[in-house]
Amino acid sequence: MTISRRNLIKSSALGSLALAMPNIVRAQQTTLKVVWMGWPDNQVLPLMAEFEKRNPTIKLALERMPFQQIFQALEIRLNARNGDPDIFIVDSPLTASYASRGHLMELDSLIDKKRFAPSAIAAASFDGKIYSAPFGSSMQVLYYNKDMFKAAGVAPPSADPASRWTWEQLVEAGKKMAKPAENIWGFTFEQQERPYQLLPMGQSLGGTALSPDGFKASSYIDGPAFVEGFTFMQKMYTESKISPPGQFDTALTPELFGAGKCAMMVAGTFVFDTLKTKFPNLDFGVAPHPAFAKGKPVTPTGAWHFGVNARTQQKAAASQFVTDMLSDDMNVLWYKLRPYVPTLNAVWEKEAASFTSDLWKIAKYDVQNTAVPRPATPGFREYEDIVRVALRDIQSGANAQQILTAAAQKIDREIAKYKG
Amino acid sequence: MFRHPWAPYAFIAPAFLGLFVFRFIPIGLSGFGSVFSENLRGDMVFVGLKNYAELMEDPSFWNTMRVTLIFNLIINPFQICCALALAMLVRRPSRFIDVFRLGFIMPMTVSIALTSIIWSILLDPTLGPVNGLLRWAGFQSQPFFRSEHQALQTLMLVATWKGAGYWMIFLLSGLLAIPKEIDDSALIDGATGIRKFISITLPLMKRPLAFVLVADTAANFLLFAPVYIITNGGPNGATQLLMFEAYQAAFAYINHGRSMAISTIILGVVLVIAMFELRLFKPAGEDQS
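Sequence lines, in order, name chains A and B. Just so you know, the first sequence maps onto residues 38 to 457 in my numbering. Just so you know, the second sequence maps onto residues 1228 to 1516 in my numbering.
Listed below are the simulated EDC-like cross-link pairs for lysine to aspartate or glutamate, each with C-alpha atoms no more than 20 Å apart in a straight line:
(1) A:Lys454 <-> A:Glu112
(2) A:Lys298 <-> B:Asp1351
(3) A:Lys456 <-> B:Glu1281
(4) A:Lys216 <-> A:Glu276
(5) A:Lys272 <-> B:Glu1375
(6) A:Lys454 <-> B:Asp1285
(7) A:Lys278 <-> B:Glu1375
(8) A:Lys151 <-> A:Asp164
(9) A:Lys315 <-> A:Asp184
(10) A:Lys313 <-> A:Asp184
(11) A:Lys216 <-> A:Asp184
(12) A:Lys352 <-> A:Asp121
(13) A:Lys454 <-> B:Glu1281
(14) A:Lys216 <-> B:Asp1351
(15) A:Lys96 <-> A:Asp361
(16) B:Lys1423 <-> B:Asp1410
(17) A:Lys373 <-> A:Asp361
(18) A:Lys313 <-> A:Asp78
(19) B:Lys1277 <-> A:Asp449
(20) A:Lys166 <-> A:Glu143
(21) A:Lys456 <-> B:Asp1270
(22) A:Lys454 <-> A:Asp250
(23) A:Lys352 <-> A:Asp145
(24) A:Lys151 <-> A:Asp366
(25) A:Lys183 <-> A:Asp310
(26) A:Lys151 <-> A:Glu386
(27) A:Lys90 <-> A:Asp366
(28) A:Lys454 <-> B:Glu1284
(29) A:Lys373 <-> A:Asp395
(30) A:Lys278 <-> B:Asp1351
(31) A:Lys253 <-> B:Glu1281
(32) B:Lys1433 <-> B:Glu1408
(33) A:Lys278 <-> A:Glu219
(34) A:Lys454 <-> B:Asp1270
(35) A:Lys70 <-> A:Glu89
(36) A:Lys253 <-> B:Asp1285
If you are wondering where the hints come from, they were derived from the structure by calculation, not from laboratory data.
Chain B with its partners taken away, still in its complex shape:
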């Protein structure tokens, strides 16, 4: 039965079905909906590119775009560096390695909503234990999510706490796939430490790194829950990310056309950045193809 010409298609069909139902159809609907406007009674009226034109003229949309790009420019490399560092730390077998691996993966098992609630309590400026610790150690209390100047960075740290362990798994499998012989010959040639990491490990990690970078970028562009739960885009627009703007447009301002136009723009931006990232991380030798 496995040799039947249709067998491979049958095996891949469920995945494709999921992809269509949960990805391609919503993407199509979003693109389609973005050229319509819904009137008060729920009827759709074709408006062409009006929703996009309004966004282009809206300074608050550009602020959101700026915040989202800054957020992603910093968090993606930062999260991957953290994930890679963690993967290097737990790479070699040692006595308590499973405990560490488990510890780094644990945040992944907590839902993003719960993560947001936990950290909003921990980092509460007045009641939070983190400020209690800071004061105990002789530092000043910090406003964290309540400050225009700290909120975005704090959001990055929380998202990294949650995400780094997850991305670590992919990078760890990449590291473990590096043939031992290459490591050994590098050692024989006298390469150690940073030199070996830059010249041997990193080039061989291009493939997993490319995957992680693209997937991480997409995930971070779609980050929503902590903004919704903790900051509501504030203070003063400091954490107003595109996904939250899309949510607000649809469910607070009842403007579905605008919301779908924002979603379509997010998709476009992620596509462009992903293509750039894939090009950047193309393993050597594939350039001619």
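Next comes chain A alone, as it looks inside the complex:
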């Protein structure tokens, strides 16, 4: 082939274009700063990679933070009131807190309410508008170690919600298996200090955790039901000693259960796969969340949403993130990576075959019949932190009534700023 002048010009133009391509693509690329929960790599990275694959012009600068620090860290970042981060994960009851302070962009135009469970839309809304994208709800079940039950000669709990164990039964069984001196325990909550897991102890006895208008804790969280429920919980640590005190790290408690050092654990459906993968030899079963003998079954629910920073400079890309992440197939992928109770109706339909196990039969029953979300209040950030410290104090042996009354007064003081 002869090299003509025209060919030479053509090829050098193509050559320069090829050389410049990466820069051109980079120039068109938008980077979204995303703050996400610090779940294991294999439960998060495939989801983000899939999004980037579908949107080659959007790059995600992903930051994952541990559960113990994420809320404080986000608070500091958001209070700078700039566009950083563009997207952040939102614990569903914090939607009102962030929205009332102008940290969340309204998402009404991006979300088709009909596709989601009404409870998820309610948890995502503040003042009648949607501010967070529902990305999963949650349900707690009782995990038990079959070998430890067998060794102690204790009959395991039934998987039928109609014959769920009482807390009293759980303590009795726990006593037969716990050997505190040898670091062997009967029972643990996965999240020992979190209102999310512990409020049902009072709610099961008829208590309401906060006034219906969301602004008063006195005579609610310090009412007789919570005092009785939390005193019962305290005794698991101080009297029957079936529970390991001070294990507040939510990564440690499943380890304790998985390593065969704890016979029972109340934990989310999302722990199931982690236990299966990390402890392949662990023979465990699931049963419904316990309730008090004289009370009614109440289970915790609500989980992770995500939101767009109202001050983001990347509105188009952030909106794309919301739309894509809430698509049917991305939600199916997310469910497969980390099985939260789906909020998107399509996941229940598309994955119907996987919802036939005991775990999902129980979860489905409780989501529909016994689940009570955490209190709806713009002051949930403060509420949660104060109750969390109160629960720690009660577990260490302090008088539940005194602690809860002081906590309620503190909550009332801090929540007042959201009124009118």
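Use these hints to put chain B onto chain A, whose structure you have.
Just chain B now, kept in the frame of chain A:
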């Protein structure tokens, strides 16, 4: 160039710049912010002394103040006694003295966050090796940070483990600066042991001791990380120190005015105590000035 009239100012300027940027400006901002309240949208509203008035009426603030004062009343003298004892131990040259000096200084090189994590694991009531050792030696397990009655003392011990070596360096340099002749003449006069320590060493150590006491007080009033990492102010408010209360106000309860009012109060308290301490440790002969 060193003789230029501006030379000394030029040399001192970077230090002053740091002092302004990292100390005086934040102090000013904190004082200024404490008379404002931030509304939900982040706008600042002038509220005068309302934040202070609310603190004065708040029993939980007074509990925090009580705990902080008790903590400082005990830990400051205790830490300095430990530092002085360590300095006396490693003062005289001997064969393995460098090993000891290094050993005492080592905790200083570990960050306070890491220190907190290490000790929270070591002193964990159920899983911690310290209780394992206690049981092995025939003692009962101790709850440490999990007990209302032990948490503050345990916090003091951890802070002392971390801090004593650091303060030892200053006191050691003070000890080494005592002229040998004074020691020798004390010996000739027959002063030994405790007598020499009380009558000769301590009076000559007033200057370094005053510095260490003031700096240590300030450091301990600002202690935050172990409370945040290990106890969260509990159990039952037993380790609720002022700095943690200020942090909670700002980042858990989203009440920046209250937080800055607490910070300003801490500054005031530290200033008053430091002035008292400086007066107490004024070297003899400077009283007339």
